[in-house]
Amino acid sequence: KAGVTQTPRYLIKTRGQQVTLSCSPISGHRSVSWYQQTPGQGLQFLFEYFSETQRNKGNFPGRFSGRQFSNSRSEMNVSTLELGDSALYLCASSFGTPGGNQPQHFGDGTRLSIL
Amino acid sequence: ILNVEQSPQSLHVQEGDSTNFTCSFPSSNFYALHWYRWETAKSPEALFVMTLNGDEKKKGRISATLNTKEGYSYLYIKGSQPEDSATYLCAHNYGQNFVFGPGTRLSVLP
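Protein chains in written order, with this note's numbering: chain U, 1 to 115; chain A, 1 to 110.
Just so you know, these hints were derived from the structure itself, not from any lab.
Built from N, CA and C at the ideal position, the CB exists for glycine as well.
Warning: the hint list may mix true and false statements.
[As the list claims (entries may be wrong)] List time: in silico BS3-like cross-link candidates among lysine-lysine, alpha-carbon distance up to 27 Å:
#1 A:78 / A:42
#2 A:42 / A:59
#3 A:42 / A:57
#4 U:57 / A:42
#5 A:42 / U:13
#6 A:57 / A:69
[Unchecked claim] Residues of chain A clear of chain U, computed beta-carbon distances all greater than 12 Å:
#7 22
#8 45
#9 78
Can you build the whole structure from these sequences, using the hints too?
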């Protein structure tokens, strides 16, 4: 069974640009969550999608958005990139909603660097 | 924001030593407590999902306990091995989303 796949693995952008990251969950998983990790910070929750609906959202500005498709694949978009957006972005999928007792399965992440 | 704390921040032990670390979380609105192991250059791996007060779970040499009334969970590693070197994260699910702790970085010296 294939794991969670994130693309691309590495990305370099400049300030002001926008970026789209992709996440394909484990087959059968309907919930996809996105996290940001910056140096010295723990994993910060961005948002969670379940059956194409955003169910929960973390405390991030509106420049961060996402969506989920009918096949459960999810994309995250960041517009007007800032230097502080440089981070590792992790996607995690679970069978049910994370509010239950289902563990999350993480991808390898996309490392975004802003110049 | 409901804070999740972990202690110690980092830990160095000798191969064969047993060790434990703590995750503290708000005791209100508890749904589940998750433990993950995150090895360098890999993705976080789920260890345990704990939901009931008094829960104790075990996976090989690793075990965890849960006290939801006082808001803490312990992770124990018996007979640490170099391959146990990783960052151990706990995450508190309070019904809306996960709040992760900062992690405990464990280094097991051969």
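Each hint tested on the structure:
For the hint linking residue 78 (chain A) to residue 42 (chain A), the alpha-carbon distance of about 23 Å falls within 27 Å, and the restraint holds. This hinted pair checks out: residue 42 (chain A) and residue 59 (chain A) have alpha carbons roughly 20 Å apart, not beyond 27 Å. Straight-line distance between C-alpha atoms of residue 42 (chain A) and residue 57 (chain A) comes to about 24 Å, which keeps the hinted pair within the 27 Å bound. Restraint check for residue 57 (chain U) and residue 42 (chain A): satisfied, since their Cα atoms lie roughly 26 Å apart, inside the 27 Å limit.
Proximity of residue 42 (chain A) to residue 13 (chain U) is assessed by CA-CA distance (about 24 Å); at most 27 Å being required, the pair is judged to hold. About 18 Å separates the Cα atoms of residue 57 (chain A) and residue 69 (chain A), which keeps this hinted pair within 27 Å; it holds. Separation of residue 22 (chain A) from chain U is adequate, the least Cβ-Cβ distance of about 15 Å exceeding the 12 Å criterion. Annotated as non-interface, residue 45 (chain A) brings its C-beta within 12 Å of a C-beta of chain U; the closest such distance is 8 Å.
Even its closest Cβ contact with chain U, about 22 Å, leaves residue 78 (chain A) beyond 12 Å, as expected for a residue assigned away from the interface.
In terms of the numbered hints stated before, the structure departs from hint 8 and from no other.
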